[in-house]
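Undergrad: Sequence:
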Amino acid sequence: MARSTQPLVRETFETALTVIRQASVEILVLLGVNVAEGKDPQWFLQQLDQARLNLGNWATVARRLNLNDADMSQFTLQLRHLQQLVPQYESGQDVTENQLLAALRFVTCLEKVRNQQPKLGYSTEMNVDNAQMQPDALRQLRALDFTLRGMVREAWPDEQQRVNQLKQLCGGDKVRRWLKMGDKGDILSGMLFSELAMLVVDKKLFARHYDKLFQGATSLTLFVEPRKTLQTLLDDIREIRNVAALGKPLSGAQEVMLDNYFNAISAPLHKACGEGRTRVNPAALMKADDAQLKAFIDHTAKKNSVVGGDIFEVRDAIESPSRRQDGKKQETRQLVMGAVWGAVGLGAIAMVVGALFIVSDTLKPPSAEEVTAPVATAMAAEPETNDDSPRHKLSKMGITWDEENLRAAIDRDDKLVTRLFLEAGMNWKVAWTEQALAKNHEETLETLLRYRLQMDEKKPCRRMITTLSHALSQGEKMTSMRKEYLQTFCTVPAVVERQKHELEQAQLRAQANPNEETKKWVNIRETIYQTIR
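Mind the numbering: the sequence shown is residues 948 to 1480 in the working numbering, read in order.
Worth flagging that the hints you see were computed from the coordinates, not collected in a lab.
Using N, Cα and C, we set each Cβ at its ideal position, and we do this for glycine too.
Heads up, a few of these hints could be off.
Unchecked claim - Here are the computed lysine to any residue pairs in the SDA-like style, where the Cα-Cα straight-line distance is at most 20 Å:
1. Lys1405 <-> Arg1456
2. Lys1430 <-> Thr1414
3. Lys1151 <-> Gly1068
4. Lys1406 <-> Val1439
Stated by the list, open to error - If you anchor each label on the Cβ, the simulated ranges turn out as follows:
5. Asp1237 <-> Glu1072: 22 to 30 Å
6. Thr1465 <-> Ala1154: 29 to 37 Å
7. Gln1454 <-> Thr1168: 19 to 27 Å
8. Asn1015 <-> Val980: 19 to 27 Å
9. Leu977 <-> Lys1218: 41 to 49 Å
10. Ile1258 <-> Asp1358: 53 to 61 Å
11. Lys1131 <-> Gly1068: 46 to 54 Å
12. Gln1064 <-> Met1233: 30 to 38 Å
13. Lys1114 <-> Pro1440: 50 to 58 Å
14. His1448 <-> Gly1194: 52 to 60 Å
15. Gln993 <-> Gly1256: 36 to 44 Å
16. Arg1445 <-> Asn1001: 25 to 33 Å
Let the sequences and hints guide you as you build the complete structure.
TA: Below you can see the structure in the form of structure tokens.
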């Protein structure tokens, strides 16, 4: 499809913004904030925060909307991202592609919220021709699937080489499933979309094979780097594919979002193809008749049904079989140690209880009721062995319910223990991530961000920015994870204004005393300010 012109971009964006304004009124009223009309994203975020204050916490807000913690986190994260790009909007302004993508993402998020909460009845229709866009959307899904396959084939041209590489990266079990589900001589056709996408956005594989195709891609700047943007877009596409695989029609918002995603992903590849840097051209893969489309959707549905659906998000790191095995061994050791210490603890308790009975016997003969009561109490207090709750898992691992143990897990990059603490409801603080950010423990840090609503540190930004400034002055890098933490927690107007002031002061010092040190601090302040503005 041709790239959208500015008038069409503006029209689509304004339609999305109208949907968001109308939805905001219903959502806020449901949360107890009575408003007459919806306004801009920044206003919506402020009113949502007021609702949170009125109700006491984000968990209560989530319950009102029938959302779980992960869905609530996504809702607030996408709204924050949208208000960063579009704090306010006047009709007729020019609109960037990033602003449009952020608005469309939030509209589809609003669709999910409405589907979860029957009391909400706002419309998310985008005024599109569904009869025309539905088959085009299916063709785009097919073309994107074939595009990813083509990119992987260029990285590993020989089929046997691909099989061997995948066996080394992902293990024999998955390779056997892919060979069974795929066409003969094409292992990639047997993969789920999330698995195929991960072969492209995996950090190491992307840097080695695909980064050169997307360098300077202006259409993939929604997030801090093209790879992260591509990962996010492909994960959204995974959810749209799941709807199509169930034989359900896509919503107008999904069709419009997919159309813009397809353009954003295909533009740099089209350019690279024209320059001879790749033979993969998504636009050329759009040609498909009805029979080919049906075969593609049927095969997608069949692959999904084998594993219960393509339900896992597109990750940016492939977990090797050896690493998975190491994790299982570590968990087994922890479980064994937990059982040993549990046995020791029970032995100690038995000794103490026995001693108490001996002392009690010497003082007063117990009645039948007095003898059975402690036994019944002990039996009632004993945890059930089939309890599979996160807290029970921690207990079996010999880890007590203590903040310090969560902090220690974050420091040592133990994502399993970190996740169990968070799933069980423990709150956390940004200050605890300083060492993890310095060492770039990405998986643990991303786990924490998925539970951002449980971050209860008041005003975390001053310390985080001070620590980061010192680290940058010592030559450390502004990693993508550091940027993500800044953008998640430090984009409130007061912090942005303070960093603007810090930048201006650094510039004045550099003008008064120009040298390498003052120039370095201007760069540091500029980097931080540009990240959160």
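Undergrad: Against the structure, test the hints numbered earlier, and report the numbers of the ones violated in rising order.
TA: 1, 3 and 10
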